[in-house]
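Enquirer: Here's the letter readout for the chains.
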Amino acid sequence: MLRRTLLLGLGRGPLGRGLGTHRGGSILDRDGKMSEIKKKIRSILPGGDWNPLYDTSYLPPESSDVVIVGGGVLGLSVAYWLKKLEKPRGAIRVLVVERDHTYSRASTVLSVGGIRQQFSVPENVQLSLFSIDFLRNINEYLAVADDPPLDIQFNPSGYLLLASEKGAAIMENNVKVQRQEGAKVCLMSPEQLRNKFPWINTEGVALASYGMEHEGWFDPWCLLQGLRRKVQSMGVLFCRGEVTRFVSSSNLMKTASGEEVNLKRIHEVHVKIDQSLEYQPVECAIVINAAGAWSGQVAELAGIGKGPPGTLQGTKLPVELRKRYVYLWHCPQGPGLETPFVIDPSGTYFRREGLGHNYLGGCSPTEEEEPDPGNLEVDHDFFQDRVWPPLAQRVPAFETLKVRSAWAGYYDYNTFDQNGVVGPHPLVINMYFATGFSGHGLQQAPAVGRAVAEMVLEGHFQTINLSSFLFSRFYSGEKVQEHNII
Amino acid sequence: MAAPKASLHLVAPVWNGGTRGISGLSRVVAPEGNQKKGRSLLQFLADRFYDVEALRDHLLRKRVSKVHQKNRPFNHINQRYGPYVAGAYFILKQGGAVRFQGREWIRPNQRGHFSLDFLKLQAVPVEAVDASGCAINYQGLDSLLALKELQSLWLQRCPHVDDWCLSRLHPLASSLQELSLAGCPRVSERGLACLHHLWNLRRLDISDLPAVSSPGLTRILVEEMLPSCEVLGADWAQDLKLGPEEQPRDTAGPTPA
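For the record, the sequence lines run as chains A and B.
With our numbering, letter number 210 in the first sequence gets 210, and the count goes up by one each step, no holes.
With our numbering, letter number 222 in the second sequence gets 222, and the count goes up by one each step, no holes.
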């Protein structure tokens, strides 16, 4: 009996640690235990998300006033402006559905990050001017209490567009339009170009337009995170899932001239949760299509384009995925700190990256050589064949360069006229578009977000008139062609 | 919803407005202010009471609007006396100093008062501006850019001068010969890159810029960018790390046998 007591005593005491589980837990882990108890009590008290049966925090809410499909910079910008312009405060519940929270394929974070006012369409210039104003005052717009201020690392180095003989007259016209809207652009002759940038070979260049202010490049990831944290603080709900179905109802209505038209209204959005078969039907009043390169697929889910071709019902959203490559190279004899974002007449572009003589650049392929957008693999032969020769011809120092890395991203390419689609669909009356910007979505995102929010809340555009960017132009055939697309 | 009481420590201090469905990845930028132990009393109360939060936001907005108010343009002076006098008045009101062509420096005294004799100098251009320590910002530069014959501009230790302001200086390119940005906390190498418009610049002071990531390299690149300009900046060897064979030998000790 003495032996048994001794064994028991030694087994429980500090000398002998048995393998059996101790009911109260060891004293060494008291802090961990206390924090667990605190967490449990916190979840039970009002305000915590306590669900005694099972955890549903990953599901979206059962109803939401506005559902934004796509959580990139355009979707978050629309969410921000909706929350900022709503009256009274807190009136609208906004849900942002984004299927990839790492943004591994999103165009926003893979973009080169440039912003310019040198467009040929006046609305594009206005959108860019507002966006640069937004970026300059970003810490007033996106300030969140207790968080550090944002630094978007803006390089105000300007854009330099070069034009050959053929394009010189168009460039002069464009610069006139840009100056009328308030952009600070100056025209340079080849002589002035050589004086200013001695590393340029001006052979074949008849005219150049140089943006002196409000143009340059910045860090898109920082803008995205800033918007994300601000909209979260404003009460926007996020959901990690994919939109798989729209449940809508139709109404046969008569227009003023007596013709019959079938108007659809989306009632529910089915959001399928990532890596699961589970889905949640979200009742909604308004759906905003900001899915970027995948907007065409989302529009097809809503039934846009299902009808006889040539009619309004049969007009699809002409936004497709297009793959574009960006290359990063190092050239120790390359141009210095003053290098702007240079765009060659052949479509090749490059800009300085950092202080170590590194440069980012690329070229948009022609329609015939469009790469397969199924994956984001980089084609290095494209650099050798299509990007390097014009680069080396324009900047002789680039004959000796070494490619450090490369990546690929998608353009939400509008095959109709390469300009954005903004505003409601004429037949699916509660779906609004904010997509199709074909490579300049990032630089116009703040302004487009505000335009869409005004359209949703007021019913018409108030600050910048984007009525030429509505969906109906695809049916009526009025192209708003943007010539300065890179 | 009632504001949470300060005494109930178990309740989560920051209300997220009922956000649901957030995965851990989405809150990427962690609120560091909440985790710091030594928070000020205002911060502590603002986390728990909506009223105090509104008060804190109001105080912050007032601070921002004070800077805006200091940088407002003096349009009535501009219309009556011309751009040179308006620019000079703007600088003197901010606490800086102005020198007209062929005259002495005009400075405000300790209390901020200055004589208004310069109001009659409507046709005399302003040659030098010393705006050191002034709260001049992007908007305020409007008044300075109207001074077309400005030769020397000192913006030392200005807290609101940043890269955006530097990109605005190009209209002064034909006359500006001396520019000093020493000690400006918000100027980085990205803003210095747009100083190449100032082709007449002869003296540039870019020393002691805390936001520049590599001061020595930046100074070399700026010198290459502005070949006819004398650049005062960080020592170029400041950031260099010596290799193992170049380590300075200790010459103070006795020479080894």
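For the record, the hints were derived by calculation from the structure and aren't laboratory data.
Note that the coordinates shown come from a computational prediction; the quantities given were computed from them, not determined experimentally.
Beta carbons are placed, not taken as given, at the ideal position from N, Cα and C, and that holds for glycine.
Hints are supplied without guarantee of correctness; some may be wrong.
As the list claims (entries may be wrong) - Derived lysine-lysine pairs resembling DSBU-like cross-links, with alpha carbons at most 30 Å apart:
#1 62/B to 93/B
#2 306/A to 479/A
#3 66/B to 87/A
#4 184/A to 70/B
#5 93/B to 84/A
#6 196/A to 148/B
#7 87/A to 93/B
#8 176/A to 148/B
#9 148/B to 184/A
#10 184/A to 120/B
#11 84/A to 66/B
#12 84/A to 70/B
Stated by the list, open to error - Distance ranges between label pairs, derived from CB positions:
#13 185/B to 356/A: 23 to 31 Å
#14 169/A to 133/B: 46 to 54 Å
#15 199/B to 475/A: 19 to 27 Å
#16 260/A to 49/B: 56 to 64 Å
#17 165/A to 199/B: 48 to 56 Å
#18 91/A to 74/B: 23 to 31 Å
#19 481/A to 185/B: 54 to 62 Å
#20 51/B to 297/A: 16 to 24 Å
#21 267/A to 51/B: 35 to 43 Å
#22 356/A to 133/B: 29 to 37 Å
Enquirer: Give a verdict on every hint.
Expert: Each hint, compared with the structure:
1. Straight-line distance between C-alpha atoms of residue 62/B and residue 93/B comes to about 20 Å, which keeps the hinted pair within the 30 Å bound.
2. A distance of roughly 22 Å separates the Cα atoms of residue 306/A and residue 479/A; the hinted pair therefore holds under the 30 Å criterion.
3. Taken as a hint, the residue 66/B and residue 87/A pair is honoured in the structure, with Cα atoms around 28 Å apart against an allowance of 30 Å.
4. With a CA separation close to 26 Å, the supplied pair residue 184/A and residue 70/B stays within the 30 Å bound.
5. As the CA atoms of residue 93/B and residue 84/A are separated by approximately 36 Å, the hinted pair breaks the 30 Å bound.
6. For a cut-off of 30 Å, the pair hint linking residue 196/A to residue 148/B stands: about 22 Å separates their Cα positions.
7. Our distance criterion of 30 Å between C-alpha atoms is broken by residue 87/A and residue 93/B, whose separation comes to about 40 Å.
8. For the suggested pair residue 176/A and residue 148/B, the alpha carbons sit about 25 Å apart, so the restraint of at most 30 Å is met.
9. Only pairs whose Cα atoms come within 30 Å are accepted, and residue 148/B paired with residue 184/A is accepted, the gap being roughly 18 Å.
10. Restraint check for residue 184/A and residue 120/B: not satisfied, since their Cα atoms lie roughly 34 Å apart, outside the 30 Å limit.
11. A C-alpha spacing of about 23 Å is found between residue 84/A and residue 66/B, which places the hinted pair at or below 30 Å, so the restraint holds.
12. Among the hinted pairs, residue 84/A with residue 70/B is consistent with the structure: their alpha-carbon atoms are about 27 Å apart, no more than 30 Å.
13. The hint said 23 to 31 Å for the Cβ distance between residue 185/B and residue 356/A, and at roughly 24 Å that hint holds.
14. As the Cβ distance of residue 169/A to residue 133/B is approximately 50 Å, the hint placing it in 46 to 54 Å holds.
15. Remark: the range hint 19 to 27 Å for residue 199/B to residue 475/A is contradicted by a beta-carbon distance near 53 Å.
16. Remark: the range hint 56 to 64 Å for residue 260/A to residue 49/B is upheld by a beta-carbon distance near 59 Å.
17. Range check, residue 165/A to residue 199/B: about 29 Å between beta-carbon atoms, so the 48 to 56 Å window is missed.
18. Distance hint check: the CB atoms of residue 91/A and residue 74/B are about 41 Å apart, inconsistent with the given range 23 to 31 Å.
19. Look at residue 481/A against residue 185/B: about 46 Å separates their beta carbons, and that is not inside 54 to 62 Å.
20. Roughly 48 Å separates the CB atoms of residue 51/B and residue 297/A, a value that falls outside the hinted 16 to 24 Å.
21. Checked against the hint of 35 to 43 Å, the C-beta distance between residue 267/A and residue 51/B comes to roughly 41 Å, which is consistent with it.
22. The hint said 29 to 37 Å for the Cβ distance between residue 356/A and residue 133/B, and at roughly 34 Å that hint holds.
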